[in-house]
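Starting from two chains that each stand alone, build the complex the way the hints lay out.
Chains as they are written, first to last, in the working numbering: chain A, 3 to 151; chain B, 98 to 235.
Treat the hints with caution; some may be incorrect.
[Claimed, not checked] Stretch-level coverage of chain A by chain B, calculated; a stretch enters the list once three of its residues show a Cβ under 8 Å from a Cβ in chain B: (1) 19 to 25; (2) 36 to 46; (3) 84 to 92.
[As the list claims (entries may be wrong)] Sample of chain B residues with no beta-carbon within 10 Å of chain A, all distances over it, derived: (4) Glu119; (5) Gly131; (6) Glu141; (7) Val181; (8) Asn219.
The hints are simulated quantities; they were obtained by calculation from the structure and are not laboratory data. Just so you know, even glycine gets a beta-carbon here, dropped at the ideal spot from N, CA and C.
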Amino acid sequence: MLRVIDHKFIGREYEPTVYEIGREKMREYARAVGDESPLIMDNEVGRASEYVDCIAPPAFASVYNLMGAAQLFFDPEVKLNMAMLVHGEQEFEFHKPVKPGDVITTKGRIVDIMEKGNNDLLVYEARSVNRDGELVTVGRATFVIRGGN
Amino acid sequence: MAVSFEDVNIGDEIPPLSVSLEQMMLWIYAGASGDFNLIHVDKEFGEKVGLGGTIAHGLSNMARMGRCITDWVGDPGKLKQFKVRFSAPAKPGDTVTFKGKVTDKKEEDGKKSVTLEVWAENQDGAQILSKGMAAVEL
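Just chain B, same shape as in the assembly (with noise of 0.2 Å):
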């Protein structure tokens, strides 16, 4: 466990995960999830429907912002609860960094968990992800 219940504070704040993307990771991601909608793999497509080129799947976004908590944790599998509103696309040379801070820590029936508040921003301090929620078990 790379971090334990008696050491987290309210306020603190996880180590933030940057990522920069490339258009191969959206190809990538495509093959991984199956989503092959073509405003994540043709950039002429998304250009053509009014989206200045691809973005990135949403939930690969997601995925990234689960991957930046559960380094924290240790554990993939300590992740309870866990949602985000996806408020603008990433696109193919954003750098997105996701973030988290810790809003409340509790014990109950020998259950040790954590909640935090979870976003997602870009280089220009746009947020990719918002009003992003996680629980985690301790």
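The shape of chain A in the complex, shown without the other chains (with noise of 0.2 Å):
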């Protein structure tokens, strides 16, 4: 039997999550992925960029843009059955990239709730902006409960 999440979750917000970037924290990120950029490597390629420092790799919006995702896991209304929930697509939207000092809040919701087949789709929506209020990432995972919540 198909158990489905309430669609009246749609829109529920969660706290916002403040992360500082990390010179050395985004470059371990980047080292970890094999990514030896000198924009994000070399403090004096970066200070001569565009950017006027270094960079983080794009992929390190994994860590502060979706951080905010362990309170739905844990949301204790929506329920969600974390034995089956698997993370379907991500999708990020880079607006400016971040650097070494930058404070990003990142404020998620659940943007949309379907069901698809024997399983359960939520759309998780997260908004991240630096210390200025300036959109720097969009993030958007979609979470799949295997057979149903």
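Below, the structure written as structure tokens:
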């Protein structure tokens, strides 16, 4: 029997998360995936670039943009079946590169809930802004609950 | 800039990136990302939940896909939009190859952008990342 996630949760918002980009932390992430771009790794190259400093690898958004999703995973009302949850799709829009020292505030919310075959799908959107309020990254994660929630 | 807008043609394939995965790389990614989910770090746990061992973090596959794209562009700051579907797990011992193909190029309001179809497959040709899309500014 298919158990669906209540559609009333579409629009549900979570508490903002705050993350300060660390120079060596973003480099540790870059090295972990083999990204040795001098714009990430070399201060001199970073300073001489249009960005005026080194930038984080774009996929570092996996850290600062998605950290709030833990609230969704452990939401006592939505009650996702975590044993059956898989990350189905991920989309990022990059509006502005993030740099060491940037303080990124991210707000996440549920933007869609769907049933597809035997699976339930939930789309979580997270919008990250910097200290000046400029939008830097929008993430959209589709989580699949195999066999329905 | 490693590639110029003028030199890009629809249908061009970008240089593929092949990565042979080892368990140590999964542990290093766990530390770098903060994601210590046991399915990535504990072989016995992965076996117990029916995965046959550990699997790589989906987002690490996405990050390497991103690296393949931005290595081609020559600037990690030029990736503007990026989407993938996680279609199958990658495991230690797998060699994953990340690939991309130019599907569109356009110049609008002085901005030159190129759109790519991107995907990743393992040594058996199974798709690890599928239905991927990336837009870069050149």
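Interface-negative label, Gly131 (chain B) against chain A, beta-carbon threshold 10 Å: Since the minimum Cβ distance to chain A is about 7 Å, Gly131 (chain B) lies within 10 Å and the statement is violated.
Check on Val181 (chain B) being off the interface with chain A, judged by Cβ distance over 10 Å: Violated: least Cβ distance 6 Å, not greater than 10 Å.
Least C-beta distance from Asn219 (chain B) to chain A larger than 10 Å: holds, 17 Å
Coverage criterion applied to the segment 84 to 92 of chain A (partner chain B; beta-carbon cut 8 Å; 3 residues): holds (count 5)
8 Å C-beta criterion, at least three residues: is the segment 36 to 46 of chain A covered by chain B: Since 5 is at least three, the answer is holds.
Minimum Cβ distance from Glu141 (chain B) to chain A greater than 10 Å, as the annotation requires: holds, 17 Å
Residues of the segment 19 to 25 of chain A with Cβ under 8 Å from chain B, three needed, outcome: violated (count 0)
Verdict on Glu119 (chain B) as a residue remote from chain A, using beta-carbon distances over 10 Å: Given a closest Cβ separation of 12 Å, the condition holds.
Hint compliance for this structure: hints 1, 5 and 7 are not met, and every other hint is.
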